[in-house]
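Number of protein chains: 2
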Amino acid sequence: MKVTIIGIGLIGGSIAISLKENGFADHIIGVDRSQENLDKAVRRRLIDEDLSFEKGVAAADVIIISTPVDTLIDLVPKVLDLIKPEQTVLDVGSTKAPILKAIENHPNRKSFVATHPMAGTEFSGPEAAIPNLFENKCTVICDGEGSSKSAVITVKELYESMNMSIIRMNSVDHDVHAAYVSHISHLSSFALALTVLEKEKNEKAIFQLASGGFSSTVRLAKSSAAMWTPIFSQNRDNVLDVLDEHINSLAKFRTLLIKKDFNKISELIEEANRIRKILK
Amino acid sequence: MKVTIIGIGLIGGSIAISLKENGFADHIIGVDRSQENLDKAVRRRLIDEDLSFEKGVAAADVIIISTPVDTLIDLVPKVLDLIKPEQTVLDVGSTKAPILKAIENHPNRKSFVATHPMAGTEFSGPEAAIPNLFENKCTVICDGEGSSKSAVITVKELYESMNMSIIRMNSVDHDVHAAYVSHISHLSSFALALTVLEKEKNEKAIFQLASGGFSSTVRLAKSSAAMWTPIFSQNRDNVLDVLDEHINSLAKFRTLLIKKDFNKISELIEEANRIRKILK
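Residue numbers (the working numbering), protein chains in the order written: chain A, 1131 to 1410; chain B, 1131 to 1410.
Do not rely on the hints blindly, as some may be mistaken.
Identical copies go unnamed one by one, so any copy, or any two together, can satisfy a pair.
[Said to hold, decoys possible] Computed cross-link-like contacts, DSSO-like style, restricted to lysine-lysine with a CA-CA straight-line distance of at most 27 Å:
| # | residue 1 | residue 2 |
| --- | --- | --- |
| 1 | K1407 | K1240 |
| 2 | K1170 | K1407 |
| 3 | K1329 | K1150 |
| 4 | K1389 | K1185 |
| 5 | K1390 | K1352 |
| 6 | K1389 | K1150 |
No lab work stands behind these hints: they were computed from the structure.
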């Protein structure tokens, strides 16, 4: 199978490693507007060759678009304009309703499958690509009923080759849930980093105190603005709802601290502990 | 050296493993109000024997008190009542001003060293004790000028044997900084867990979507109420200040989302990214 990956960063590059290793792809073509990224990807052997957008799209059985979600809105229709019926196109963006809306009336809509492989790290670029990023994680396929059966089968085989499980969901529900289990975590980390950086501006020594707990809650604050600003933009309404709820949760603790109601604080912590059952 | 550890949980148990492995202690005595914990600690060979409070205090060169911070306030003076001049006592609690206030006029104050080894996990109890928890981390010694030189030297040797670096700081500053680099992270995780649990109450399937990013920001929400409620209680004023600033940071993002000012959101994310320089 020939696979073209448009956008060779953390996600595109990691998919490239997996598909080559597991044999799903025998030839991987990279397309990226940054020649520097393409050169890095060739040097790291993430891709077999780099081609122009048009040639890359023409040469592949499967085209994976792994750019920031704002760029997706432009690129997916352009790719669909160019393809032949036997080709399959998928995106891997973190928001799903906007891209599906953008191509709902495209004549080649059926060749497109909207997906969200739920994995990532706080790093970006082809140098951040790693093997097994997706191993045993989950991919969401959204609004699959708008895609042809054969396109969905190809995409399922692609993700199953990477040892991922597949969930089907409508795109509107996906975007609500993504706001809860992913987007708010990032927003919270960015805000926490800002809070602490602001305070500790003139007191560098203090970061020696930052232990594992701090690192883990602000890890995501290293994530790139180029990826996350478009996600917050496209999923603005859901993110705002969840952010309001999160501020309310914090305000609950605030009120209890003011009242010195530590019994109730203890109860809230025990409630929060129920997250144990959910996280491994 | 004979060491008695009062409170054989995650921290006490992990210290026991380190001090035995590196040879600082040739005999470790466990004291705990839970006989079940002591039995577990013996079975796991964290301690050589368990003794009653009085016998445990009498038998050791060094006495480490590693209980939740509310219990510390009672226990440290009781231990100081019992010791002879050649014995050294230290605590390892996450707040420092309250315990130092509690013993400031104790006749044996000079035998006590207030410390905070900055390491931990979200788990608790002797079963959570692990080797190398403290390796290459940092310990704070607070208000060391109130301790005798020989007590400080013993405590420094103890932590250095565990490959920890040592910072000296006054207890009031410590508690402010701990609010920023540790306590607010926990509060934020508890609140985030509550936000998501509330929403996803009836939609269990959705947690399959929770990826690495989510797990890492809410990991601390598994932390125990028995440990954290007393920390929030003792460090209430500092935690409230930092919580207000954190809610303000989130409110900044909220306002920008409402205004759809994504350029400014992108700038804020880039500002938050500066945390990269601080975290390894």
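Hint check results:
In this assembly of identical chains, K1407 and K1240 lie within 27 Å of each other by CA distance neither inside one copy nor across copies; the values are 39 Å within and 46 Å between. In this homomeric assembly, K1170 and K1407 come within 27 Å of each other (Cα to Cα) only across copies, at 24 Å, whereas the closest approach inside a single copy is 41 Å. In this assembly of identical chains, the alpha carbons of K1329 and K1150 never lie at most 27 Å apart, being 47 Å within a copy and 39 Å across copies at closest. Within a single copy, K1389 and K1185 get their C-alpha atoms no closer than 66 Å, and across copies no closer than 41 Å, so neither meets the 27 Å cut-off.
Taking the closest pair of Cα atoms, K1390 and K1352 come within 27 Å of each other only across two copies (22 Å); inside a single copy the shortest separation is 35 Å, beyond that limit. In this homomeric assembly, K1389 and K1150 never come within 27 Å of each other (Cα to Cα): the closest approach is 59 Å inside a single copy and 44 Å across copies.
This entry does not satisfy hints 1, 3, 4, 6, going by the numbered hints stated previously.
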